[in-house]
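Using the sequences provided together with the hints, build the complete structure.
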Amino acid sequence: MTEDPVLRVEDLSVDYVAAAGTFHALSNVTFEIPPGRVVGIVGETGCGKSTLAHAIPGLLPTPPARVRSGKVVFQGIDLTALPRWKLPTVRGTGIGMVFQEPLNSLNPAYRVFDQVAEAIRVRRFRERGVPAARADRGPFDYSRRAPPSASSTIGRPFLPGGAVEERLKARPMTPASLKEEVLEALTLVRINDPETILRLYPHELSGGMRQRVMIAQALSERPALLIADEPTSALDVTIQAQVLTLMKELIDEVRTSILFISHDLGIIAEMADDVGVMYAGRLIEFGPVASIFGRPRHPYTRALLRASPDRSKSEGPLQSIPGSVPSLARLPAGCAFHPRCTLARPNCSVDPGPPLAPLELPGAEGHRSACWYAREVDA
Amino acid sequence: MGRSITDLLWFIGKRLLLLIPLVLGVTAIAFILIRIAYPEPCVIWLGGHAKQSAVNQCIATFGLNKPLVVQYFLYLQQFLSGNWGISPDSIPVLTSIAQYFPATLELVVASLALIVLIGIPLGVIAAQSSGRWPDHLVRIFYLGGWATPTYLGAIVVAVFVAPFLGLPTSGQYSRPPPFPLVTHISVLDPLLAGNLPYVGDALMHLFLPAATLALLNMGIITRMTRTSMLEVLPLDYVKAARMKGLAEFVVMYKHALRTALISTTTVLGITIAGLLSGTVVVEEIFSWEGLGQFAYDSITSSNIPGTVACVVIFTIGAVVANLLADVLYGVLDPKVEWR
Amino acid sequence: MASTDATPARASPVGPPGGARWLPAVRRLGRGAGTVYRTLRINPLSFTGFVLVVVLCAVGLVVWLDPSVLPYPALALFTGPTRQGPTWAHPFGTDELGRDIFSNVLAALPTDLAIGAMVAGSSLLLGGSLGVVAGYYNRPRSLSAVLSMVILRVTDLFLAFPSLVLALAFTIALGRGLLQIVFAIFLTWWPYYVRLARGEVLVVKNQPYIAAARAAGVREGRIVLRHVLRNILEPLLVYFTLDIGTVIVTFSTVAFVTGALPYPTTPPVEWGAMIAYYENFVAVLPWTVAFPGLAILVTVLAFSLLGDGLRDLLDPRSRRVVVQAQIAPALRGGAPNLPVGPGPGEPEADPMARVETTGGEATT
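Residue numbers (numbering that gives the first Met the number 0), protein chains in the order written: chain A, 0 to 378; chain B, 0 to 338; chain C, 0 to 363.
Derived by calculation from the structure, the hints in this document are not laboratory data. Virtual Cβ for every residue (Gly too), placed ideally from N, Cα, C. Incorrect hints may appear among the rest.
Distance windows between CB atoms, simulated [unchecked claim]:
#, chain 1, residue 1, chain 2, residue 2, range
1, A, 372, C, 205, 53 to 59 Å
2, C, 77, B, 52, 54 to 60 Å
3, A, 80, C, 29, 48 to 54 Å
Here it is in structure tokens:
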């Protein structure tokens, strides 16, 4: 683990300031994504996982959102400190994103070709560097961003090293090469008849197909990090399975780091290498997928697993968690989970819980929990 | 039914066919208007002291003793054969209309261009800064335009703003043009004659009336753009466009506005109709020799044939504007199939 | 999603979805007024409009009840020096015959407000009821469907006219005078309400609670009165508020163009007619035009600001914008059970999530 992580989220807290009050959507979230790994974030609706996905590339509308504290360090650059107009230089070729709602994730006014080609144009533009006349200004100023670290993969392909340079020589950007690349991107996501698809408008595609195009579009920029925000939640179960299979295959092929967000434990278990569990805006447990699902070290994760039909370890009936998720405007003092926790002790209602620290337990390397009594939790 | 040019032409053709019942209805209302205004047209026609026999003769000639429905069809026959009546200054109404219509078209097109160039970006700016001061400023601006009666705005511009800007406020040209008025479009005629100084002069004359009309009628379009932008901005494809690494300007105008404009076209028809109505007052105040001024003069001098003709022409204009808006909507929205 | 998204909001803009509509009407109205007030408070422009409308109506009422509150009688000559700019004695100045502009502008306030309310109100009544008929009774191949079609055709015909031009033509056909203009404008005005009411009825008609009422054996007439009318009232009233301003503008334009009101000689005093008369002096006595013009501007702006804010409140499309979409998951908080599991299409945010204080609806 000497390699620099692609993304390091440090102590990130985000509030929504509304007339009704201030909502602590994210509180002190800390985790990192090493290169080439798939990190899953799981939690209930409203726990802040979508906010996290949007906060990383600076997509949250401000106002009402406000980053209260923390950093989002992407390849050595703190994105929260980056001026707004510079964010486009990181997006796309740096961080790509797949969204939840296939109905809305493609612009209804443009054909598939134009949308994917636009993404490819952005990447080609940056791969070639900025034309001299624009070298010192403009949001696309690629050269003046923070000095690329050794591990920087912005603009680097997921293909073997040097391939891009060769391809650039071989293929200057012409309409024909652009079309070729669009077809390539669509083929990558297993679209059978890309020639036909790229002439269609989004409303002429099925939900699953739209989501494939969305993935193709995001991947065609060769991002160093791909954020998938519930990419399959809005799809039918059968289509969901297809898209998940596709994504799983792509993970092996593409080798980008992925932040995979879902409320579905089953999906996360299948897709992710590492898992973070969120509750009421906090990351309460983080670690390798086998460790988290095998031996959860936070009472909430344990309860979540027991309440989940397909992951239920116990033979008995599903167990729901008593009580309800607290409102983000009125979080309980101390640990947010304590009113519902079976292990809660008096200090839990006062003390917000330990920082997400590695547990020094045998067989739990890299497993971190935000519970005082992590050692006592047993699945 | 699809989205090919043939489908579009069929669509337009069918919509134009719908104009026929509309013109029938409009002329019927116009006819009723005339009969309300002139219960005894022959008495007016011949003067108060005419002999009863002459009046009867007149009534028989014009079929005024026939049932009302028959009278309407007689009137319609006249109307369709191009006899739209004669103004008190003994110029046929249709001649006046043909002469004045291009100038009004020019004015409306110019102010529509201004609305598109200013009103739509204002809506985008308001949506981008929703709830903050630029949004409030834009709202005050467009509601102020909406709340100002056209005549008041035109007077203020003509009397107070024009001297300040040093722009002319009267007519199409400063001096009588030395070239033939072929099209009656003030910018086009000198262009056809190759007289460039007059093109500049015409543009100067065009600016204030067009700007007045535009400012006062911008509201609906700006509001609609703002509302639909607000609706579009939180959608995933706008975020997806941002996540492609596009600059904010491109995200706003190429992606968000492109879809928001689909809703905006639904109010284009109303806006053009408003501009047409506005010409009645604006042309009068800026002495713009167009249909609006003709309508104003007809109305104030109780020129009934002229008034009716103007009502009919303005109505057809509004209907065609709505058709244009529908076509534009379909062109912008790929989901629409012409049928 | 799209259909369920817009409609329940219409049914109950305040309070929790469902249930609320069964509350007694009075309580709902009171609650609605409370929400309206709170929303207006949040939007400073709409609140300004609201305050202005209240003030204008109060002043108009006082002037109408007791014209002696005016500093000088309306239309009175030589109340002071002639051709004078604004002073303390004559805040809006005087005209060429010493009429006090301030008094005349104030005297016109009740007239103009009454005209606005009258035209918009009668259009609301006529157009609204025709719209309800045309929207509700359109079962195919019935007599009522024929009636509805006739209503719609006539409405479309009238809607095709640019209303200002038609109103001008009607005015000169009817002869000059205040009531003639009012009637002429009314003739061109009601069709908007037919369209609006019909559109609303078509939305409400397909709501589950209408089907439920019918299944429960409620008579058709009662359904129309109790359920349909109740639920289309809000959008109609918002449009009515906005419309009062529009009528005032149109009326004053007709008065200006046709000169149908004999301003300086006899009452009624009206702003458009005043401007029409003083236009001849605008270069030398600018205040004679400026103040009646300002009066129109302020009045119409007040109604527009109020109506605009109310429309934002009631229009589910712009309402959802009151709170940005991303807030929705954060505000939800109170889910009693865990939506964990491979449920197909579990959306991140509940489209019904609401923010009580803003009356806003938030969706992803």
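TODO: Report the numbers of all earlier hints that the structure fails to satisfy, in ascending order.
DONE: none
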